[in-house]
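There are 2 protein chains.
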Amino acid sequence: SFNLAADCNAVLKALQPIFQEQGMTETVHNWEDHGYLATYIKKNGSFANLRIHPHGLVLVDLQSYNDHMKGREEVDQLLNKVEERMKELFHGNIKRVKRLPAILRGGVIDRYWPTADGRLVEYDIDEVVYDEDSPFQNIKILHSKQFGNILILSGDVNLAESDLAYTQAIMGSGKEDYTGKEVLILGGGDGGILYEIVKLKPKMVTMVASNIDQMVIDGCKKYMRKTCGDVLDNLKGECYQVLIEDCIPVLKRYAKEGRMFDYVINDLTAVPISTSPEEDSTWEFLRLILDLSMKVLKQDGKYFTQGNCINLTDALTLYEEQLSRLYCPVEFSKETVCVPSYMELWVFYTIWKKQTDI
Amino acid sequence: SFNLAADCNAVLKALQPIFQEQGMTETVHNWEDHGYLATYIKKNGSFANLRIHPHGLVLVDLQSYNDHMKGREEVDQLLNKVEERMKELFHGNIKRVKRLPAILRGGVIDRYWPTADGRLVEYDIDEVVYDEDSPFQNIKILHSKQFGNILILSGDVNLAESDLAYTQAIMGSGKEDYTGKEVLILGGGDGGILYEIVKLKPKMVTMVASNIDQMVIDGCKKYMRKTCGDVLDNLKGECYQVLIEDCIPVLKRYAKEGRMFDYVINDLTAVPISTSPEEDSTWEFLRLILDLSMKVLKQDGKYFTQGNCINLTDALTLYEEQLSRLYCPVEFSKETVCVPSYMELWVFYTIWKKQTDI
Numbered sequence: 035s036f037n038l039a040a041d042c043n044a045v046l047k048a049l050q051p052i053f054q055e056q057g058m059t060e061t062v063h064n065w066e067d068h069g070y071l072a073t074y075i076k077k078n079g080s081f082a083n084l085r086i087h088p089h090g091l092v093l094v095d096l097q098s099y100n101d102h103m104k105g106r107e108e109v110d111q112l113l114n115k116v117e118e119r120m121k122e123l124f125h126g127n128i129k130r131v132k133r134l135p136a137i138l139r140g141g142v143i144d145r146y147w148p149t150a151d152g153r154l155v156e157y158d159i160d161e162v163v164y165d166e167d168s169p170f171q172n173i174k175i176l177h178s179k180q181f182g183n184i185l186i187l188s189g190d191v192n193l194a195e196s197d198l199a200y201t202q203a204i205m206g207s208g209k210e211d212y213t214g215k216e217v218l219i220l221g222g223g224d225g226g227i228l229y230e231i232v233k234l235k236p237k238m239v240t241m242v243a244s245n246i247d248q249m250v251i252d253g254c255k256k257y258m259r260k261t262c263g264d265v266l267d268n269l270k271g272e273c274y275q276v277l278i279e280d281c282i283p284v285l286k287r288y289a290k291e292g293r294m295f296d297y298v299i300n301d302l303t304a305v306p307i308s309t310s311p312e313e314d315s316t317w318e319f320l321r322l323i324l325d326l327s328m329k330v331l332k333q334d335g336k337y338f339t340q341g342n343c344i345n346l347t348d349a350l351t352l353y354e355e356q357l358s359r360l361y362c363p364v365e366f367s368k369e370t371v372c373v374p375s376y377m378e379l380w381v382f383y384t385i386w387k388k389q390t391d392i
Numbered sequence: 035s036f037n038l039a040a041d042c043n044a045v046l047k048a049l050q051p052i053f054q055e056q057g058m059t060e061t062v063h064n065w066e067d068h069g070y071l072a073t074y075i076k077k078n079g080s081f082a083n084l085r086i087h088p089h090g091l092v093l094v095d096l097q098s099y100n101d102h103m104k105g106r107e108e109v110d111q112l113l114n115k116v117e118e119r120m121k122e123l124f125h126g127n128i129k130r131v132k133r134l135p136a137i138l139r140g141g142v143i144d145r146y147w148p149t150a151d152g153r154l155v156e157y158d159i160d161e162v163v164y165d166e167d168s169p170f171q172n173i174k175i176l177h178s179k180q181f182g183n184i185l186i187l188s189g190d191v192n193l194a195e196s197d198l199a200y201t202q203a204i205m206g207s208g209k210e211d212y213t214g215k216e217v218l219i220l221g222g223g224d225g226g227i228l229y230e231i232v233k234l235k236p237k238m239v240t241m242v243a244s245n246i247d248q249m250v251i252d253g254c255k256k257y258m259r260k261t262c263g264d265v266l267d268n269l270k271g272e273c274y275q276v277l278i279e280d281c282i283p284v285l286k287r288y289a290k291e292g293r294m295f296d297y298v299i300n301d302l303t304a305v306p307i308s309t310s311p312e313e314d315s316t317w318e319f320l321r322l323i324l325d326l327s328m329k330v331l332k333q334d335g336k337y338f339t340q341g342n343c344i345n346l347t348d349a350l351t352l353y354e355e356q357l358s359r360l361y362c363p364v365e366f367s368k369e370t371v372c373v374p375s376y377m378e379l380w381v382f383y384t385i386w387k388k389q390t391d392i
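Protein sequences, first through last, are from chains D and W.
Positions in the first sequence are counted from 1; adding 34 to them yields the numbering used here.
Positions in the second sequence are counted from 1; adding 34 to them yields the numbering used here.
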């Protein structure tokens, strides 16, 4: 750390020649009390910012169009020189040196899909497989070298072909016996849950996907076959049916008819991040679904759903509070699971009707 | 996309007022054939770059010191205005709009630890728990909200308290019976493998950690107790011993004495990323360790080790080639595992002596 304006000036003087040698044109702004910003402009359209803060932070940002491998070597050489010159100037007495990987913007492939808790993460995307706007959302399927195809809905990473862990978690982590059981899936347009349950010889699986999901189904049945197999090729199979309908009227109809399920799996959306449950209609919608689901759930049945990223504690707490506001008393447990493509730990809920002693 | 210099100028003219309203001082560079760079400087030391490319890419970078919540709201408002103005100008005909989370640099806490395959990822680090330089490397233990404490050696994420999956994978993924077995661990300074194997009632576990690992052991036994339990508190236990010695002389001694093990677990380092095995001494060192390990491995014994990130296919292929160059014929299998804190899939190897029919 250096505390004098004189040090700022010494850094500028020491680093200037490095950029000037590159044939870059310099513009310097001197804040007096906030240090310097030097901008270096090259003829080919690239430029550098050198920001020198009086408390001892020196930031170098390089920006160029079309970063070829040659470009990267040049960048490394330039940064090596900056580092050397700084070490000379401060006699090696530098607390920290850090270089970050280049951020690639504006290309056909977008590699940056922030986590639910708002962190910047870069994916190893190498191909845009599907990119369509439905009236409800943008639907992308991008290919990742390590995760396979990834379904991204309106910018949120939904599921990758590597993410069997997600499907297993929302099915009860291998602890349930689905043989001969009646199962209701709400949402689940990627077909992952349906595909895995059908393998387990259930009596009947009913998946209710709204027309919001129609284009998701279309994309997934073509490009996420490691996830959904052939289960979305037909809307009806030996032990399953897919209804393209809003789930609310379907749930109301089943409740009226007295149709009951051993398992209800809600794969509609993650827990809302909004923390104003009184104002936000998504929380009301969420309670409505929960109430209706409990009405069609057998007394000893189980309800599975995803929560959200483990770091969104406020949202998860609010969700748990909603569970005490249902028409019938329920109990719940939760589990934290590592879903490969999420780059953050994810919480899943199991909810069941409180058993009363009679 | 816009193809005319006139469009570049129209964008500049449309966005200029947004920055000028903020009381920012403008400097414009016009490349003629590469578009514009406008730099806007604020009195408080923050600044913005507006880079307008003639083929239709417009980049806005904002940089400020001490980004408080208020700062973020201001940033959002400014970017909202830029987005609105652009949509007006092009009558909504804009292909893509993207905002990335802010990158935080120069603070006490560094949240960016790139993956082995060079991707930029931000961790949810909220505390520096341990940060020391040994003569061999920098040793950091940083606290992540979701992963617990993370051991970072010279900038590489090594293991977090959430990463039992790593330890299980390098122990054979739960398919081995360690009861009454002789086990040799090479490296493993974080104590994770030792702690997990000792639970399984082995006959004897010998862990050979060089003095390179001494400070790792010191840090981990204090701050990674979820990983190592109390196993590093003493160098000797009922069924284990920790030798602080270079593993090469120890292996040579054991080979000479004819001491044999059921399992050898090499937790020294990941597969080298260098792709010039003839020149690079790390590959030679790697083969030496492998050869010596095979010498102390029982005929039906197993050797476990980590590979590297699944995307580093060249390095993994080279590693597999080395396996055919050992003194005895070996066979191997590999498994890909999701280790929570790594943010990339990791390859693990099982190697065994080829069984010959006599």
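None of these hints come from the bench; they were simulated from the model.
Quick caveat: nothing in here was measured; it's all calculated off a predicted structure.
There may be inaccurate statements among the hints.
Copies of the same chain look alike in the list, so a pair counts if it fits in one copy or across any two.
[To be verified] Taking lysine-lysine pairs in the BS3-like style, the calculated list, with each CA pair at most 25 angstroms apart, reads:
{"id": "1", "residue 1": "K260", "residue 2": "K290"}
{"id": "2", "residue 1": "K336", "residue 2": "K115"}
{"id": "3", "residue 1": "K76", "residue 2": "K256"}
{"id": "4", "residue 1": "K129", "residue 2": "K336"}
{"id": "5", "residue 1": "K256", "residue 2": "K47"}
{"id": "6", "residue 1": "K329", "residue 2": "K255"}
{"id": "7", "residue 1": "K388", "residue 2": "K286"}
{"id": "8", "residue 1": "K179", "residue 2": "K387"}
{"id": "9", "residue 1": "K215", "residue 2": "K286"}
{"id": "10", "residue 1": "K387", "residue 2": "K47"}
{"id": "11", "residue 1": "K260", "residue 2": "K368"}
{"id": "12", "residue 1": "K368", "residue 2": "K179"}
A quick look at each hint next to the structure:
no., hint, result
1, K260 / K290, "neither (37 angstroms within a copy, 51 angstroms between copies)"
2, K336 / K115, "neither (63 angstroms within a copy, 48 angstroms between copies)"
3, K76 / K256, "neither (46 angstroms within a copy, 51 angstroms between copies)"
4, K129 / K336, "neither (55 angstroms within a copy, 44 angstroms between copies)"
5, K256 / K47, "neither (59 angstroms within a copy, 45 angstroms between copies)"
6, K329 / K255, "neither (31 angstroms within a copy, 52 angstroms between copies)"
7, K388 / K286, "within (22 angstroms within a copy, 64 angstroms between copies)"
8, K179 / K387, "neither (43 angstroms within a copy, 32 angstroms between copies)"
9, K215 / K286, "within (21 angstroms within a copy, 60 angstroms between copies)"
10, K387 / K47, "neither (72 angstroms within a copy, 63 angstroms between copies)"
11, K260 / K368, "between (27 angstroms within a copy, 21 angstroms between copies)"
12, K368 / K179, "between (31 angstroms within a copy, 18 angstroms between copies)"
Going down the numbered hints, you'll see the structure goes against 1, 2, 3, 4, 5, 6, 8, 10, while the others check out.
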